[in-house]
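Trainee: Just so you know, the sequences run in chain order H and R. The numbering of the first sequence is the numbering used here, which starts it at 1 and goes up by one. The numbering of the second sequence is the numbering used here, which starts it at 1001 and goes up by one.
Any given hint could be a false lead.
[Unchecked claim] Using C-beta positions, here's what the derived DEER-type ranges look like:
1) ASP188/H x THR1129/R: 40 to 46 Å
2) GLU1039/R x ARG109/H: 36 to 42 Å
3) CYS1232/R x SER35/H: 30 to 36 Å
4) PRO1230/R x ARG109/H: 36 to 42 Å
5) SER35/H x PRO1230/R: 35 to 41 Å
6) PRO1230/R x PHE85/H: 23 to 29 Å
7) CYS1232/R x CYS232/H: 34 to 40 Å
[As the list claims (entries may be wrong)] Not the full set, but computed from the structure, chain R residues with beta-carbon under 8 Å of chain H:
8) ASN1033
9) PHE1102
10) VAL1130
11) ILE1131
12) GLU1135
13) PRO1138
14) PRO1140
15) ILE1141
16) THR1143
17) SER1148
18) ALA1155
19) LEU1156
20) SER1158
21) SER1159
22) GLY1163
23) HIS1183
These are computed hints drawn from the structure, not numbers from a lab. Glycine included, every Cβ here is placed at the ideal spot set by N, Cα and C.
Protein chains: 2
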Amino acid sequence: MTASFVTGAAGFIGSALVDGLLSEGHLVVGYDNFSSGREAFLEKAFAHPNFKLARGDISDETALESAMKGSDVVWHLSANADVRFGLEHPQKDLIENTIGTFKVLEAMRRNDVRDIIFSSTGSVYGEATVIPTPEDAPFPIQTSLYASSKLSGEALISSYCHGYGFRGVVFRFVSMLGERYTHGHIFDFVKHLLKEPRSLPVLGDGTQRKSYLYVKDCIEAMLKVSSKMPDCFEVFNLGADEYCTVLDSIGWITSFMKLSPKLEFSGGDRGWVGDNPFIFLDTSKIRSLGWSNSLSIRQGVERTVQWLLDNRWILER
Amino acid sequence: MTASFVTGAAGFIGSALVDGLLSEGHLVVGYDNFSSGREAFLEKAFAHPNFKLARGDISDETALESAMKGSDVVWHLSANADVRFGLEHPQKDLIENTIGTFKVLEAMRRNDVRDIIFSSTGSVYGEATVIPTPEDAPFPIQTSLYASSKLSGEALISSYCHGYGFRGVVFRFVSMLGERYTHGHIFDFVKHLLKEPRSLPVLGDGTQRKSYLYVKDCIEAMLKVSSKMPDCFEVFNLGADEYCTVLDSIGWITSFMKLSPKLEFSGGDRGWVGDNPFIFLDTSKIRSLGWSNSLSIRQGVERTVQWLLDNRWILER
Chain H
1 MTASFVTGAA GFIGSALVDG LLSEGHLVVG YDNFSSGREA FLEKAFAHPN
51 FKLARGDISD ETALESAMKG SDVVWHLSAN ADVRFGLEHP QKDLIENTIG
101 TFKVLEAMRR NDVRDIIFSS TGSVYGEATV IPTPEDAPFP IQTSLYASSK
151 LSGEALISSY CHGYGFRGVV FRFVSMLGER YTHGHIFDFV KHLLKEPRSL
201 PVLGDGTQRK SYLYVKDCIE AMLKVSSKMP DCFEVFNLGA DEYCTVLDSI
251 GWITSFMKLS PKLEFSGGDR GWVGDNPFIF LDTSKIRSLG WSNSLSIRQG
301 VERTVQWLLD NRWILER
Chain R
1001 MTASFVTGAA GFIGSALVDG LLSEGHLVVG YDNFSSGREA FLEKAFAHPN
1051 FKLARGDISD ETALESAMKG SDVVWHLSAN ADVRFGLEHP QKDLIENTIG
1101 TFKVLEAMRR NDVRDIIFSS TGSVYGEATV IPTPEDAPFP IQTSLYASSK
1151 LSGEALISSY CHGYGFRGVV FRFVSMLGER YTHGHIFDFV KHLLKEPRSL
1201 PVLGDGTQRK SYLYVKDCIE AMLKVSSKMP DCFEVFNLGA DEYCTVLDSI
1251 GWITSFMKLS PKLEFSGGDR GWVGDNPFIF LDTSKIRSLG WSNSLSIRQG
1301 VERTVQWLLD NRWILER
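Excised from the complex, chain H in its bound form:
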């Protein structure tokens, strides 16, 4: 029975992964400091005999090392998730993502755990010149502190694979949708529309094109790849094979909620400094392994809105 250690286990993607691992028969230790994770997301896991939670911070070497003991594989998903306001606290991405990943790798060395699976981001491609963007796209220029810190994490992991005989998989994600979605534009839109259904402020000009993936499709891809770890190190893009504009998704959200708000654009071609105007990943590498997304972006958006409407407590912050 594989013993899986999941950092960020109480997060949106982390908790979906925990559920997926448990249903595949893994023993799972979830590690989380609950800075943004939610106990409610682990309700199903808590009821499972193969799940154990370890409360701890990624910065706490001792707690991390001890919680990891006996694991076969580490799924490193914990990260500073506040991408948008990175410029207000530049040390956050460094400490929680770059140094955090280093501490996970060192805890692995001390515990003689050698397999790691890491959630990175399509933002590492910066303003991609090749779209859809493949894993071996031209060497990108980093435009955000978040993506820089994820790139640093990727680089540390590949160095450990080459230097210490680790086996590593890096997934470069698009934005995720679905149950337990807790931040991002759909969250903001639904929250706003429930309070004020007649108008909707939109960052940028609404033409920003983005690609998304339904979180359970993401987990399925991760489980598929992990079932046969590479000899050394591999990178996989993960995303749907389509994209939409912010305006598309506003249309799907408002029609799902049966509303017709007046849109108030802040202007400009991107949401914020460092926001990538267009992320659309070439996912042929993961698709060649037989994976495909089961939900379209529209279905993912609607699933997300439905979940937010069913779980309004999450909007109260």
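We have chain H; now place chain R onto it with these hints.
Mentor: This is chain R only, laid out in the frame that chain H set:
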């Protein structure tokens, strides 16, 4: 008069840069903790009225911020230079290179200094699939902790350029040769041959191909680019337009020293784990600005051997 701040000012490349900046009429503050830098390398600078030395560690935010006050441009050259033994102390590259670069950037923000020039490495291309390797080569896989930490530094700098309006230039260096050369295979070879001229141990099989650049050619390129900073962020490869094998350079060294040692190969196609078997950079971008190297690799190797023979004190460690 431009006020230049140079980290790693007492190092091999740093001290050559200091001399170059002074002769171009800059005011120069050199910052160094003398962990590997040498006071002797700053002899010429100490005699110049426009030079000031600040002793300090890159990790010491207060010292760094205070020494930087009043500067117009930061040349960030300090780094953990012990590439080969990175795997014995993985935290060294993280602390001295990645976190060090972050601290330099934060000291710049606090001092309102916005121009930064950074020495990175051709090793960030990992095992390049395109040779000669251009700046926009395919997204590489990192194979060493050193290159990973340099890539992290690059990414932080470009993020600061995009996020805070900094202007940045990153130079990806090949290995440097010339006066004040203090570590690398020529150092090891000359040191060994002076003691034991009849045999020479060689890491790998001697076929590793490498490109080098004469340090004063490097400084000339850096000064040229810095005289017209980019609007945001640019990367330049820096190297000679040729390469050699370790065997070539052994031939040049031994014939220059008039010796014929027996070569003892350790075997394998690279010197150590994480060593890149072949680094040869496409330097057409920097050459399009009118720069070219004045010395061939052979001339650079001979200049280096001559300097080592004239400065045997440096071999005594």
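Trainee: Out of the numbered hints, which ones does the structure contradict?
Mentor: The structure breaks hints 8, 10, 11, 23; every other hint is satisfied.
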